[in-house]
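Student: Protein chains in written order, with this note's numbering: chain A, 1 to 136; chain B, 1001 to 1275.
Any given hint might turn out to be false.
Derived SDA-like pairs (lysine to any residue); straight-line CA-CA distance at most 25 angstroms [what the hints assert, rightly or not]:
{"id": "1", "chain 1": "A", "residue 1": "Lys125", "chain 2": "B", "residue 2": "Pro1190"}
{"id": "2", "chain 1": "B", "residue 1": "Lys1246", "chain 2": "A", "residue 2": "Phe107"}
{"id": "3", "chain 1": "A", "residue 1": "Lys97", "chain 2": "A", "residue 2": "Asp128"}
{"id": "4", "chain 1": "A", "residue 1": "Lys125", "chain 2": "B", "residue 2": "Met1084"}
{"id": "5", "chain 1": "A", "residue 1": "Lys97", "chain 2": "B", "residue 2": "Arg1226"}
{"id": "6", "chain 1": "A", "residue 1": "Lys105", "chain 2": "B", "residue 2": "Glu1253"}
{"id": "7", "chain 1": "A", "residue 1": "Lys73", "chain 2": "A", "residue 2": "Phe107"}
{"id": "8", "chain 1": "B", "residue 1": "Lys1187", "chain 2": "A", "residue 2": "Glu30"}
{"id": "9", "chain 1": "B", "residue 1": "Lys1187", "chain 2": "A", "residue 2": "Thr83"}
{"id": "10", "chain 1": "A", "residue 1": "Lys108", "chain 2": "B", "residue 2": "Lys1107"}
{"id": "11", "chain 1": "B", "residue 1": "Lys1187", "chain 2": "A", "residue 2": "Asp76"}
{"id": "12", "chain 1": "A", "residue 1": "Lys105", "chain 2": "B", "residue 2": "Ser1147"}
{"id": "13", "chain 1": "B", "residue 1": "Lys1196", "chain 2": "A", "residue 2": "Glu30"}
{"id": "14", "chain 1": "A", "residue 1": "Lys108", "chain 2": "B", "residue 2": "Glu1256"}
{"id": "15", "chain 1": "A", "residue 1": "Lys114", "chain 2": "B", "residue 2": "Arg1226"}
{"id": "16", "chain 1": "B", "residue 1": "Lys1196", "chain 2": "A", "residue 2": "Asp12"}
Pair by pair, the computed Cβ-Cβ distance ranges are [as the list claims (entries may be wrong)]:
{"id": "17", "chain 1": "A", "residue 1": "Gly42", "chain 2": "B", "residue 2": "Arg1226", "range": "38 to 48 angstroms"}
{"id": "18", "chain 1": "B", "residue 1": "Ala1055", "chain 2": "A", "residue 2": "Gly98", "range": "58 to 68 angstroms"}
{"id": "19", "chain 1": "B", "residue 1": "Arg1226", "chain 2": "A", "residue 2": "Lys47", "range": "32 to 42 angstroms"}
{"id": "20", "chain 1": "B", "residue 1": "Asp1012", "chain 2": "A", "residue 2": "Lys108", "range": "42 to 52 angstroms"}
{"id": "21", "chain 1": "A", "residue 1": "Asp12", "chain 2": "B", "residue 2": "Gly1181", "range": "49 to 59 angstroms"}
{"id": "22", "chain 1": "A", "residue 1": "Lys47", "chain 2": "B", "residue 2": "Gln1148", "range": "52 to 62 angstroms"}
{"id": "23", "chain 1": "B", "residue 1": "Pro1045", "chain 2": "A", "residue 2": "Asp121", "range": "40 to 50 angstroms"}
{"id": "24", "chain 1": "B", "residue 1": "Thr1195", "chain 2": "A", "residue 2": "Arg43", "range": "44 to 54 angstroms"}
{"id": "25", "chain 1": "B", "residue 1": "Asn1166", "chain 2": "A", "residue 2": "Ala122", "range": "54 to 64 angstroms"}
{"id": "26", "chain 1": "A", "residue 1": "Tyr85", "chain 2": "B", "residue 2": "Glu1217", "range": "24 to 34 angstroms"}
{"id": "27", "chain 1": "B", "residue 1": "Gly1026", "chain 2": "A", "residue 2": "Ser2", "range": "27 to 37 angstroms"}
Since the hints were made in silico from the structure, they are not lab data. From a predicted model like this one, the values you see are computed outputs, not experimental measurements. Ideal placement from N, C-alpha and C gives every residue a C-beta, glycine not left out.
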Amino acid sequence: MSEPLQILLLDDEAIVGKRLKPALTKVGCEVEVFQEPIPALGRINEKTFDIVVTDIRMDEMDGMQVLEHVLAKSPDTKVIMITGYAMIALAREAMEKGAFDFIAKPFKPDDLRKVIAKAADALGKPIDFTPADQAS
Amino acid sequence: MSIIIISSDSLDHAEQIAEGAAEAVGYQLLGPDLLGDIAAAHKLPVEKLKEALGANHSKWRRMRTKRRAQLLACIEAEVLSRLMADRIVCWGLAAHLYVEGVSHALKVRLLADTREQVKLVALQRDISEQRAEKVLQREKLKQAQWSQIAYNCDESDPSMYDLVINLAQINPDESIKTISGAVGYRKFQPMTYSTKNLAECALAAKVKTRLLENMNEVRVQVRDGRVVVTSKAFKRERQKKAAAIKEIAGGVEGVEFVEVHLINYVIREAAESFR
């Protein structure tokens, strides 16, 4: 059996981790949830994650800095940016800096799950979950 | 993959460069030929669609506001739905004015060589270059008026574009190379945010087209399948109009929920009360 996908979720809104962790754990991912960037970066320094999902606007640190830090440490990690302040310039900046994808809040849990599945495919570690809108 | 939207103050150059760019990057070309399909699908005369895009300024000025909005909404709905396929170079359909919030769309503005244009107009119309210059200035002014009235913006404003190319300095081959290179930048890659915005723009245009068949002055926005329609109504017909909007918009594929905001026709109502 292949290694489980290692995912780190960083969002100061607890609901994001609360909603996503069970769904991703159910399909065999190992998920660590953080609400503050400093402890999250500490964990990123200790462990290599396959996917990092990070909010952009946070009090202590900008999500762009998290993106740069993650990619400097592990260029293969897929970083997914989420934000409630989406604008073209910000989206383009994130992509230019190497983000895998960029999602505007509010989003449905399925939207993020689909992006995580896409990132897993790109890593050659596909995960199988059926989005709620396709479940029979 | 991305979308390239080319606009110009000279359609000849836009066509040539759009074709060249499409060939260079292996994208499909979407141009004014589409107006024929739109005309057939909506049972409209092609000439009217061209006029709505500002091709004939005097006819466009005489066109009723509702008719202009209807025709433009039809064009927008069809163009936006096609742009969702990606890998498209779009020109001559005014997409630079209604594709908004789509970060994977590279918007290019071509500035024609004025001296070359003056010579051409002078030759075509058999007039002096001095007169041709005035003719061109008038046409540019009309075009600016059109974009201002139709889309409330000045399409000659360079800040609207990602790339502005001066054809007096950069020839068409160099322009094609520049555009092909720029579209390869990572920042123009599609992402969930931008593809969703494009899909929402397309849905809003579709809903607007349907609503304008039955009423005037509607503004449609879409967010997460939720359609927000803003319109005007007399106090006495508010309920009826809201119900009609919900029924029409709700019938469009992809619409999950319709929210209606109606503003009173304050001045008209005041005028009526004095009758």
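Student: Taking the hints in turn, state whether each one holds.
Tutor: Hints, verified against the model:
{"no.": "1", "hint": "Lys125/A <-> Pro1190/B", "verdict": "22 angstroms, holds"}
{"no.": "2", "hint": "Lys1246/B <-> Phe107/A", "verdict": "24 angstroms, holds"}
{"no.": "3", "hint": "Lys97/A <-> Asp128/A", "verdict": "29 angstroms, violated"}
{"no.": "4", "hint": "Lys125/A <-> Met1084/B", "verdict": "28 angstroms, violated"}
{"no.": "5", "hint": "Lys97/A <-> Arg1226/B", "verdict": "32 angstroms, violated"}
{"no.": "6", "hint": "Lys105/A <-> Glu1253/B", "verdict": "24 angstroms, holds"}
{"no.": "7", "hint": "Lys73/A <-> Phe107/A", "verdict": "29 angstroms, violated"}
{"no.": "8", "hint": "Lys1187/B <-> Glu30/A", "verdict": "30 angstroms, violated"}
{"no.": "9", "hint": "Lys1187/B <-> Thr83/A", "verdict": "17 angstroms, holds"}
{"no.": "10", "hint": "Lys108/A <-> Lys1107/B", "verdict": "30 angstroms, violated"}
{"no.": "11", "hint": "Lys1187/B <-> Asp76/A", "verdict": "18 angstroms, holds"}
{"no.": "12", "hint": "Lys105/A <-> Ser1147/B", "verdict": "32 angstroms, violated"}
{"no.": "13", "hint": "Lys1196/B <-> Glu30/A", "verdict": "28 angstroms, violated"}
{"no.": "14", "hint": "Lys108/A <-> Glu1256/B", "verdict": "14 angstroms, holds"}
{"no.": "15", "hint": "Lys114/A <-> Arg1226/B", "verdict": "20 angstroms, holds"}
{"no.": "16", "hint": "Lys1196/B <-> Asp12/A", "verdict": "24 angstroms, holds"}
{"no.": "17", "hint": "Gly42/A <-> Arg1226/B: 38 to 48 angstroms", "verdict": "39 angstroms, holds"}
{"no.": "18", "hint": "Ala1055/B <-> Gly98/A: 58 to 68 angstroms", "verdict": "44 angstroms, violated"}
{"no.": "19", "hint": "Arg1226/B <-> Lys47/A: 32 to 42 angstroms", "verdict": "39 angstroms, holds"}
{"no.": "20", "hint": "Asp1012/B <-> Lys108/A: 42 to 52 angstroms", "verdict": "46 angstroms, holds"}
{"no.": "21", "hint": "Asp12/A <-> Gly1181/B: 49 to 59 angstroms", "verdict": "39 angstroms, violated"}
{"no.": "22", "hint": "Lys47/A <-> Gln1148/B: 52 to 62 angstroms", "verdict": "56 angstroms, holds"}
{"no.": "23", "hint": "Pro1045/B <-> Asp121/A: 40 to 50 angstroms", "verdict": "48 angstroms, holds"}
{"no.": "24", "hint": "Thr1195/B <-> Arg43/A: 44 to 54 angstroms", "verdict": "31 angstroms, violated"}
{"no.": "25", "hint": "Asn1166/B <-> Ala122/A: 54 to 64 angstroms", "verdict": "40 angstroms, violated"}
{"no.": "26", "hint": "Tyr85/A <-> Glu1217/B: 24 to 34 angstroms", "verdict": "31 angstroms, holds"}
{"no.": "27", "hint": "Gly1026/B <-> Ser2/A: 27 to 37 angstroms", "verdict": "35 angstroms, holds"}
Going through the hint list in order, the structure does not satisfy hints 3, 4, 5, 7, 8, 10, 12, 13, 18, 21, 24 and 25.
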